[in-house]
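Protein chains in written order, with my numbering: chain A, 1 to 351; chain B, 1 to 351; chain C, 1 to 323; chain D, 1 to 323.
Just so you know, the hints here were simulated from the structure itself, not pulled from any lab data.
Do not take every clue at face value.
Simulated crosslink set (DSSO-like; lysine-lysine; CA at most 30 Å straight-line) [to be verified]: (1) C/Lys136 <-> D/Lys314; (2) D/Lys4 <-> B/Lys37; (3) A/Lys37 <-> D/Lys188; (4) A/Lys49 <-> D/Lys4; (5) D/Lys57 <-> B/Lys24; (6) C/Lys220 <-> A/Lys49; (7) A/Lys326 <-> B/Lys246; (8) C/Lys205 <-> D/Lys189; (9) D/Lys4 <-> D/Lys188; (10) C/Lys310 <-> B/Lys294; (11) D/Lys189 <-> C/Lys188; (12) B/Lys37 <-> A/Lys254; (13) D/Lys310 <-> D/Lys293; (14) A/Lys250 <-> B/Lys257; (15) A/Lys336 <-> D/Lys310; (16) D/Lys189 <-> C/Lys131; (17) A/Lys198 <-> B/Lys294; (18) C/Lys259 <-> A/Lys49; (19) A/Lys257 <-> B/Lys257; (20) B/Lys167 <-> D/Lys4; (21) D/Lys293 <-> A/Lys49; (22) D/Lys314 <-> A/Lys326; (23) C/Lys230 <-> D/Lys189; (24) C/Lys220 <-> D/Lys189; (25) D/Lys57 <-> B/Lys167; (26) B/Lys254 <-> A/Lys226; (27) B/Lys223 <-> C/Lys314; (28) A/Lys52 <-> C/Lys226; (29) A/Lys284 <-> B/Lys246; (30) C/Lys226 <-> A/Lys24.
Here are some, though not all, of the chain A residues that point toward chain C, as calculated from beta-carbon distances under 7 Å [as the list claims (entries may be wrong)]: (31) Phe68; (32) Leu74; (33) Tyr105; (34) Leu110; (35) Asn112; (36) Asp188; (37) Phe190; (38) Ile199; (39) Ile200; (40) Gly256.
All values derive from a computational prediction rather than experimental measurement.
Here a beta-carbon is modelled for each residue, glycine too, at the ideal position from N, C-alpha and C.
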Amino acid sequence: MHKRKLNFSEAINEGIDQAMGKDKSVIVMGLGVDDPKRIFGTTRNLIEKYGKNRVFDLPTSENAFTGFAIGASLGNIKPILVHQRVEFALLTMDQIINQAAKWFYMNDGLMNVPIVIRLIVGRGWGQGPQHSQNLSSLFAHIPGLKVVSPSSPNDAKGLMIASILDKNPIIFFENRWLHTTYGDVPKDFFRETIGKSKIISRGTDITLVADSYMTIEIINAKKILKDFNINPEIIDLRTLRPIDEKTIIKSVNKTGKLLAVDSGWVKFGISAEILSIVNENINKNIISKRIGIKDTPIPSTRSLANHSYPNAVTIASEVLKLFDIKPKNMFNKYSKFVPGDIPNENFRGPF
Amino acid sequence: MHKRKLNFSEAINEGIDQAMGKDKSVIVMGLGVDDPKRIFGTTRNLIEKYGKNRVFDLPTSENAFTGFAIGASLGNIKPILVHQRVEFALLTMDQIINQAAKWFYMNDGLMNVPIVIRLIVGRGWGQGPQHSQNLSSLFAHIPGLKVVSPSSPNDAKGLMIASILDKNPIIFFENRWLHTTYGDVPKDFFRETIGKSKIISRGTDITLVADSYMTIEIINAKKILKDFNINPEIIDLRTLRPIDEKTIIKSVNKTGKLLAVDSGWVKFGISAEILSIVNENINKNIISKRIGIKDTPIPSTRSLANHSYPNAVTIASEVLKLFDIKPKNMFNKYSKFVPGDIPNENFRGPF
Amino acid sequence: MKVKKKILLELYFDMLRMRSVETRIAQEYSKQEMRCPVHLSVGQEAIACGISKNLQKKDKVFSAHRSHYHYLAKGGNLNSMIAELFGKESGCAGGKGGSMHLIDLKAGLFAAVPIVGSTIPIGVGLAWANKINNKKDLVVIYFGEGSTEEGVFYESINFAGIHDLNILFVCENNLYSVYSGLGNRQAKKRNLVSISKSMGISATKLNGNNIETVFIESNKIINNIKTTNKPHLLELSTYRHLEHCGPFNDDKLNYREQKEINYWLKKCPLKNFEKLLLNKKIINDQTINKYIKKIDNELNQAFNKARSDKFPNKNKLFTNVYA
Amino acid sequence: MKVKKKILLELYFDMLRMRSVETRIAQEYSKQEMRCPVHLSVGQEAIACGISKNLQKKDKVFSAHRSHYHYLAKGGNLNSMIAELFGKESGCAGGKGGSMHLIDLKAGLFAAVPIVGSTIPIGVGLAWANKINNKKDLVVIYFGEGSTEEGVFYESINFAGIHDLNILFVCENNLYSVYSGLGNRQAKKRNLVSISKSMGISATKLNGNNIETVFIESNKIINNIKTTNKPHLLELSTYRHLEHCGPFNDDKLNYREQKEINYWLKKCPLKNFEKLLLNKKIINDQTINKYIKKIDNELNQAFNKARSDKFPNKNKLFTNVYA
Ligand SMILES: Cc1ncc(C[n+]2csc(CCOP(=O)(O)OP(=O)(O)O)c2C)c(N)n1
Ligand SMILES: Cc1ncc(C[n+]2csc(CCOP(=O)(O)OP(=O)(O)O)c2C)c(N)n1
Ligand SMILES: [Mg+2]
Ligand SMILES: [Mg+2]
């Protein structure tokens, strides 16, 4: 397949665009999907190509319009709904958890609900407590939902297409800090498998597991760990529900050590599930640990927010602790791996 | 302290009643708090004693009235809000997670939000997918909330009083099947400590951990396990956030085995946190396992719902597996420990 | 508009059948074979019967917790409904839903759910899909006046108004939400019809206990929706005779004044219509008895069948979680 | 009612000050020291200034994402606000909130949050507490017209109407929610004043760009609320001059027609009031310059202070999670 570099938001855009081109029933809906910013570029050109009848701006009525998406899906429409912040979806938990997740089950298979709900999470720029949460474990807990959370442009496109083609309600997480990151993406209409994680790099000493943006940080952490002769195996979860237990178990069985890096809060979070899977399935002593967003609401000021989130250096330091290595001045030495309050030079405030 | 037998709902009622008697700022609000059924008896006599100005029935506007509770708490009122089903609280997740949980933090300590939100969970009687979920992990995940989940009438009263006296937003879980269970309760105005679990019975062979109604089931499971010469230690969590790590770690360190029984779904659930705590803190091989509600929406018909929930026999069987014992006919032999679709003779439909 | 005798008889039969179904459920309920909550609609027959008579098979209906009449009047299968209440595999939702999750796709009863207000936006979404797909089918969304206190109701009618969707919103105003009267729930001066109009969608309030009124007026309204492609909201005053949930009369609880109860019992849609038809000699006792027998037979069969049908096998717990 | 000269001058000064604050923020923003989203209110000065002039210190105000004017006009501390935008420890929320979480308890600015509609029920809750506690203080809740599409808005005014709470609801209708005009969001025939009245609470629509109108009418309305103890909803038409979020003018994006923009720029509340006062010889250029200087000084100080103030120490991350 012919590939070229796209950034994450271009990859999502291309996935949606191709799916809309192939299937007239696919529509896009959400606040601002047709506005000049086009949801961080992810809905670029769609209204121009597919018109007002397939790209819908909406009233600020999140709870109802999640219901509209469910209802439309019962009428042979495939809605892709997007919230610019995961927090807005908290207004819609009844529709997502009580209705969409259970619809197919509660009518015992008569009608399914094929919708994709895109939830944008993460830091942005000084967004503060109500605009920078992650919250993916709230959705991953619910049977009936599938929860997808890619880290690379390739997977963003491939999983977006897979989500649109899926027959179930899909929660699709996008970290704001990924939108401006580049990677190879095939031009074709292709899908990645929902429910399969990916081994980003093989290693022998410890298994590092993450999803979404934190995958970028563990890849950087690996570079740091090289200086200490530690060779981690890196797993990008890609899907949170169903979670790919096999790959995790196999890897930790080999390395004997595990650090699960959580894109959200640790307590009752994604990383808890990972440790439990390992614990239930591997019958030997595994040194394991979690790291994630600090257990507080997330402050706006960068002087505090920078300490809220894990980064390559805090991750590497955590790994080193598991090897009983306690080096000094990690932050000075590896400052180039500490992102500050923007992920890269392409990223500008205020969003 | 003088004690007598009360059932769980009477104990809650007494706790609220005494708190209202001592503090005029305490009010009760929710759909039906003053109606003939009085929220399964838990708000009995309150309107008669404290009048219409402290016991409020409300319009069916859950999202807004959660906001009313928050706002009232800023005006020196202490609201106790109740939802007869946890599912109704899904309409209020913005107010609970974005607002209440973060209020004190986001104004850096200027104003706190002392509210108690009572969420009734559990099976009832053929309630089906939208009226019998648990969902406690959704709340336990959120810093800024405290999450309480008692199993005994004593703790129901003591933790209710502690919750009302607390300065933070408290999510108070009550399992419907507990309301009709009896236990000793002191007459006095007393509190139990939020954040402390309780060792229900000491044992040596395995640690069984649960909260809420599942504590009843593990106590019964212990009776079954006696026949197999297995002596479990039983921990009743009582609080989910902050969770009492110490007691769990100490117990599992001793027994070397762990079964966490989840009142909700297992994946990304409460039991995942328990296994992770053990895994992170105990540096030896621990045999551990989770059991909870089956990973599907919960059906109405008893012929299926009876298989959704763990019970003493499925719990005991799971424990026996960890000891490599695979007895037959467990269900026949121990049928008296299988609850069917009602918890006891006092319980009647339709709710 | 004068309603034909044939139609009058059918409307009467429909109402009698509805009433008999609920009465039978109430009688049998104490045997504790139907082990799920039931919200019976006794007293509210005229609404579902009157409206459904104007609906076509392809029109779609959404309902909430009190859905038996909406289901049956739209042509829902009685056997499947009773079996669902019994929790049997032959139930319309395979036993997984119970009374609060009725469905009959053939009849166009698309969904009923017990979260107050929750089906309203879903119904709107289907009507929206119809518009996108150039389908003219009507969507009827039934809800109680309690639902109109939920924010999602306003969000939904706003959207229906913006996009001119083919929807009939039907508010059955029976004055109560569980045990709560209107006093604690709605301001005295509140007026649903004028709220609706101020949000840009036309609306009407009618006596929901008069089957002729409901039938005739909803006929006009439905025709109007189908020709103008604009939504309409219909508020119907009515009263439930039994308790909110369960098989009994709960008047002894005194949450409703005896005077009020008497007033509404006198306005019983079935009794009054029967009296009218008897007076006008459109029916006689013989016909009524014939009807009763027919319905009783149907009910006996449905209950016997439900009773003897199988429970779903325990493996069914795990089926249809994902499509 | 004729407004005293002294008051006219104060209103002018207030508006000029508001405008200058936002303009300064806009100028400084590109230095990327204020690293949080800012929603500037340029063009909407008359509303907060006119209303706040009628408020007492003990009256409480709630706001949303576009809150700078509500905060300052109510007497919020400028230094604390600018420091908050800089993310400094001396900020009104210790740097934890940023521009979208202003608070000044002394001034009665109780809370601002960026989830659209979310403070509305919280403000209602405070007014409810006031009623329970027999306090007569007024609660003012500001929100944009976008908030009136959220269900929680309706749920909230319904309750305020049932319980007769002392609340002034203020809807600043600037025609846009981010880049979206009213077309996709509200039916053409929608009328907020009449919705509000149909829900049982009185309401008025005013020109929000005329400070005298806002001041005089809100004075009457506030007095009326305080004597009748009944809520009121005030809708004010206005327009924002800058982009939705951020420091720039974004007219080149063409989501608003140039004709419309010109129309509203001509209706600039500050310019027009200034012209009026100049014509009436109530002020002259000298006074204006004096005002400008005074404000500039205040702003220089606030920005210098914010710039030199300390960031919160990293331990502060963990403080005030629980009370
Ligand atoms: C969101 C939500 N809140 C509360 C309930 C509890 N509840 C069940 S039925 C009902 C009454 C609703 O009244 P109405 O809509 O008027 O319908 P009616 O029962 O009168 O037919 C309530 C409040 C619920 N099911 N869902
Ligand atoms: C619940 C929710 N949905 C969407 C958003 C995104 N958002 C931020 S400001 C805004 C505009 C709201 O418009 P309006 O209420 O008219 O206020 P204005 O910006 O015009 O002052 C929106 C939609 C949000 N913050 N919260
Ligand atoms: Mg009703
Ligand atoms: Mg606006």
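Going down the list of hints, with the structure as the test:
no.	hint	in the structure
1	C/Lys136 <-> D/Lys314	violated (61 Å)
2	D/Lys4 <-> B/Lys37	violated (60 Å)
3	A/Lys37 <-> D/Lys188	holds (26 Å)
4	A/Lys49 <-> D/Lys4	violated (59 Å)
5	D/Lys57 <-> B/Lys24	holds (27 Å)
6	C/Lys220 <-> A/Lys49	violated (41 Å)
7	A/Lys326 <-> B/Lys246	holds (26 Å)
8	C/Lys205 <-> D/Lys189	holds (20 Å)
9	D/Lys4 <-> D/Lys188	violated (40 Å)
10	C/Lys310 <-> B/Lys294	holds (22 Å)
11	D/Lys189 <-> C/Lys188	holds (25 Å)
12	B/Lys37 <-> A/Lys254	violated (58 Å)
13	D/Lys310 <-> D/Lys293	holds (27 Å)
14	A/Lys250 <-> B/Lys257	holds (23 Å)
15	A/Lys336 <-> D/Lys310	holds (24 Å)
16	D/Lys189 <-> C/Lys131	holds (21 Å)
17	A/Lys198 <-> B/Lys294	holds (27 Å)
18	C/Lys259 <-> A/Lys49	violated (64 Å)
19	A/Lys257 <-> B/Lys257	holds (20 Å)
20	B/Lys167 <-> D/Lys4	violated (47 Å)
21	D/Lys293 <-> A/Lys49	violated (53 Å)
22	D/Lys314 <-> A/Lys326	holds (21 Å)
23	C/Lys230 <-> D/Lys189	holds (13 Å)
24	C/Lys220 <-> D/Lys189	holds (23 Å)
25	D/Lys57 <-> B/Lys167	holds (26 Å)
26	B/Lys254 <-> A/Lys226	violated (38 Å)
27	B/Lys223 <-> C/Lys314	holds (27 Å)
28	A/Lys52 <-> C/Lys226	holds (23 Å)
29	A/Lys284 <-> B/Lys246	holds (23 Å)
30	C/Lys226 <-> A/Lys24	holds (25 Å)
31	Phe68	holds (4 Å)
32	Leu74	holds (5 Å)
33	Tyr105	holds (5 Å)
34	Leu110	holds (6 Å)
35	Asn112	holds (4 Å)
36	Asp188	violated (26 Å)
37	Phe190	violated (22 Å)
38	Ile199	violated (26 Å)
39	Ile200	violated (27 Å)
40	Gly256	violated (34 Å)
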